[in-house]
Amino acid sequence: MILKGSGIHKSYKMGKTKLTVLRGLDITVSEGEFVAIVGSSGSGKSTLLHILGALDRPDEGIVEFRSTPLSKFRASQLNAYRNKTVGFVFQFYHLLDELNILENTLLPAMASTSSAGWLSKRKTAKKRGKMLLERMGLAERFKHKAYQLSGGERQRVAIARALINEPELLLADEPTGNLDSQTGNGILEALEEFNRDGQTIVMVTHDDRIAARADRVIRLADGKIVDSDNSK
Amino acid sequence: MYKFILPMRYLLKRRITFLAITAIALCVFIVVVVMSVMSGLVGDFREKNHRYAGDCIVSSDSLVGFAYYEDFLNELDKAEFVKSYSPVIRGYGLLRQPNTETNIGIEITGIDPFRHSQATGFGDSLYYHRNNPGEAFKVYNKPDARGCVVGISRMHTSDAFNQYYHPDVPGHYDFEISCFPLNAKGALAKAGAGIVNTKLFSYSDDSHSGLVKIDENMIYLPFDDAQKLFEMGGATKRISAIHIKFQDGVSLHRGTEEVAKMWQEHVEKNEDKSYSNLLQLVSVENWMRYRASTIAPMEKEQTMLSILFFMLGIITVFVIFVVFYMIIGHKTRDIGILKSVGVSNYSVIGIFMIFAGIIGVIGAAIGAAGGCAFLLRINEMEDWLFENYKWQLWDRTVYAIGEIPHEIKIDVLAVIILSAIGASLLGALIPSVQAGIKKPAEVLQVSQV
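Quick mapping for you: the protein sequence lines, in order, are chains A and B. Residues 1 to 232, numbered by our numbering, are exactly what the first sequence covers, in order. Residues 1 to 449, numbered by our numbering, are exactly what the second sequence covers, in order.
Here chain B stands alone, though its shape is the one from the complex:
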């Protein structure tokens, strides 16, 4: 019983223990807030990339694309694990508004909007045609016009909270889109004056994917129009990629493996045909690998943060070590008294370890409570700071985020709390063991002097 009474009395009597509690509380607070925000941002970013790409992507590394895709699409139709798929044309071009001199470089994706909405989150990214994405290319009040869906940042400016404002009906904007078509051998399809294919499109909707580069530079065109623009139609039709969505319950790994197997069989079936070499340039990847170059930097930042927090934990351990070293240095007499009444070495160690555990629990509880309270109010605080001081933690004109993520994951919180308690116990371990092995006669002689 004394093993619990003494630590509680030490806690209340020794002011230095509040230093240790504060150190742990601050450490837990910082880790809870930063980990929650960072994992929210990374999770949000990953989710946006997943919605953009679908589950699995069969894509060519070359702008030339690949042929003989129709049979493969038929195979995908029959595959039970495939929910939907969307063949796309991908390339680069120039965008110009008629009667202006400005030419802007753009990335073009040719799609069937209905199929693409089934396979990816394209439909949810639209504004005017969100509820009927199949009609994404229908231009308001111009039924005969060729529509295009433009990245939202090309059409509108966001406010300080990354909100875009749309008029009730889409405005009338025409765009000349020019491309450099390539033949199946990878060379320019045309030469001389007709080197570029140009077509006029009208703005039908905009797409807000939440990915900065997509929203700034992407134009979606109808599949057939894009295929003609890039001269990928004709006798041997070509496409750039196929986005695939798996049925619910199909794991990413299994689904991608199955698609890769199917693709390999397709390549072998067509290896004798002309332009079969283009099939060799095709890779089958899940969305994480497909978007790795975009996602990886953020994940690296998260890893760096984790390393920094680990070092913060080590510093906390040292703070606890120093505090306990000082406490035990002042408690030498108590240790001698306890041993003189028959308390074992292990029990002496136990007293100080329980003391450390109590400090860890209290510090972690305060830090976790503070961190959770801060997270719940983080957006309110940022709004207040912006309203009064025009300052934002993340400038929304630069970072494509809405609210600062503030979801608190219970399992992560539990790990942080347990780690804090563990750090407290670890920091106190050596001083506690030193207390435990002190010789009672020496200790009592010293304390009598």
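Isolated chain A (complex conformation):
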């Protein structure tokens, strides 16, 4: 088991109102697994993903990565967790407009070391970045900026960026949510391919058909897991 969440609670304050998004949720993810978290809008799936990726903290509960609680991590350890252990893919790609796609892909690698350290690491990182982008079918586009790419191409760059540091866990938040079905299918095929190579993936989606592509589907409703089935 690579990731475990126990009794996760999360609420947000909206003025005087308190909105509870997650209510004592338990989740486990095994190494090499492809897990899909499904739920309707507002069910708490993106919030859960952010908590698992240490982008947010639960109000109550524990998240453990390889049996180490994330709550015990210092700020620098959390940064390292987000940088090296986890790779994030967002619904809206979230590429930096000022960088070309190769630079966007290399961003986590640059963030993992100092400016001086980058000088010795640069060659290896660039090689891996180019390899990932070539695998994503973007070999001719290294110098292009994000606005010069289609939605599907941008999402492929986002996947390459998420995998540059060889993370143990890939977290994808509605990776096909902003794409047409054909393009979305291409993205799912890419994720499946990486999963076949051993990459552990947790994907959030509202679409049951997309969720069915995963090894296991966890269904969320009203902040709780209502079902957890092997889909295959």
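Derived by calculation from the structure, the hints in this document are not laboratory data. None of the values given here were measured: they were computed from a predicted structure. Even glycine gets a Cβ: it sits at the ideal position worked out from N, Cα and C. Be aware that a few hints might be false.
[To be verified] Only part of the chain B face toward chain A is listed, based on derived beta-carbon distances under 7 angstroms:
id : residue
1  : Met1
2  : Ser340
3  : Ala441
[To be verified] The calculated EDC-like cross-link candidates involving lysine to aspartate or glutamate, where the alpha carbons are at most 20 angstroms apart (straight line), are:
id : chain 1 : residue 1 : chain 2 : residue 2
4  : B       : Lys438    : A       : Asp59
5  : B       : Lys13     : A       : Glu31
6  : B       : Lys3      : A       : Asp97
7  : B       : Lys390    : B       : Glu403
8  : B       : Lys439    : A       : Asp59
9  : B       : Lys438    : A       : Asp56
10 : B       : Lys228    : B       : Glu176
11 : A       : Lys16     : B       : Glu442
12 : B       : Lys439    : A       : Glu192
13 : B       : Lys439    : A       : Asp56
[Said to hold, decoys possible] Just a sample of chain A residues kept apart from chain B, beta carbon distances all over 10 angstroms, derived:
id : residue
14 : Gly15
15 : Ala75
16 : Phe90
17 : Leu96
18 : Pro108
19 : Ser115
20 : Arg128
21 : Met131
22 : Asp227
Since the structure of chain A is already known, use the hints to place chain B on it.
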């Protein structure tokens, strides 16, 4: 590496950064130009006062002067730290050209011109006797005449560039100089019809000290003649002041302290003599204190300017603050992305602080370069403006300056540049810290909406 790549890309992409660069450049430009000109003017003015007064002045507050100075002068002769000294007679009188009815109030200084040139910059202020100041009172073609050196503004009119024109040889001008002599008790020395002492002098040279009041109102007379005019000769001779120049390497403070000590001993030695009370009215001051009432207003102006520039700096900080607030407001998504890939809060702050530093460096460089270029050409520009529009920044008929000072002091320039960069960093600090502490989940949720 991204910490340098991103700021450079932001610089080129966000046009609002050019507003920040322009603000800093303008601020630096103004400060460089005004500080250089002002410090040049103040420095020039201080130097003129220093040359006029010498290093240290032993002077009486009273027009009566003080007695028993000869022994003190002997002590000064023996003092190794003293290079030269000049006893002077000082007073006020009236000047009239014979066969005219105009009487002008003047300030009179009686000197030994050679000694006075050794102790002060008197010799350099002369025109015809610059190279032999000891003969300053020798009248051209009238060897027996009593000469006088007149403040240049009394003799000539300056042009629009504060230049005075002299004929090849001095003209023939006679002056009646009248004084009210005072006795050692401070009362008028004479009464009745002979209340005033009057003597005829001939113009021998003029003195251009660069100080308006001196050049307009001062007449230098031979020491002995002045002493007689003011009836400060006789059994108990009196003088008004002693101007002293220290040896090279002797600090002003140390030298003045030594002179003050010597004077105190001199006063104590003579305290039983008659008119020793006059010695109590004597003060020993360095040239800065002696001329403080003249120098202080200009230095105050310089201080006021410095305060104004400090406020200008604060305004620049606010401009940078606003610009960065706007930039960071538009970069919220970028901040979320950076944090999602593991960039720390400090690194996010670092990116924007480096950005601010780059803006500060570029703005300061442009402003400094512009300011230096402007200063190098400032006199040419003023000449052009005068030739074409009859306009001068400083009317030379009012201000006794020649060229506008344009020396650029490297240390001052460095301070201005570093301050500008500091202002840029300070202005960006709060927005950068706010960027650094943003929660990634909130930022990314907002940017997805």
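Now the hints, each set against the structure:
1. Met1: With Cβ-Cβ at 4 angstroms, under 7 angstroms, it holds.
2. Ser340: Holds - the Cβ of B:Ser340 comes within 7 angstroms of chain A, reaching about 5 angstroms at its closest.
3. Ala441: Constraint on B:Ala441 satisfied, holds at 4 angstroms.
4. B:Lys438 x A:Asp59: 18 angstroms, holds
5. B:Lys13 x A:Glu31: Distance of about 43 angstroms is beyond 20 angstroms: violated.
6. B:Lys3 x A:Asp97: 15 angstroms, holds
7. B:Lys390 x B:Glu403: 16 angstroms, holds
8. B:Lys439 x A:Asp59: Judged against 20 angstroms, a Cα distance of about 15 angstroms means the pair holds.
9. B:Lys438 x A:Asp56: 11 angstroms, holds
10. B:Lys228 x B:Glu176: OK: B:Lys228 and B:Glu176 at ~15 angstroms, within 20 angstroms.
11. A:Lys16 x B:Glu442: 19 angstroms, holds
12. B:Lys439 x A:Glu192: Measuring from Cα to Cα gives roughly 31 angstroms; hence the hint is violated.
13. B:Lys439 x A:Asp56: Given that 20 angstroms is the threshold and the Cα spacing comes to 8 angstroms, the pair holds.
14. Gly15: 16 angstroms, holds
15. Ala75: 7 angstroms, violated
16. Phe90: Violated: least Cβ distance 7 angstroms, not greater than 10 angstroms.
17. Leu96: 6 angstroms, violated
18. Pro108: 4 angstroms, violated
19. Ser115: Its Cβ does come within 10 angstroms of chain B, the nearest being 5 angstroms, so this is violated.
20. Arg128: 15 angstroms, holds
21. Met131: 19 angstroms, holds
22. Asp227: 26 angstroms, holds
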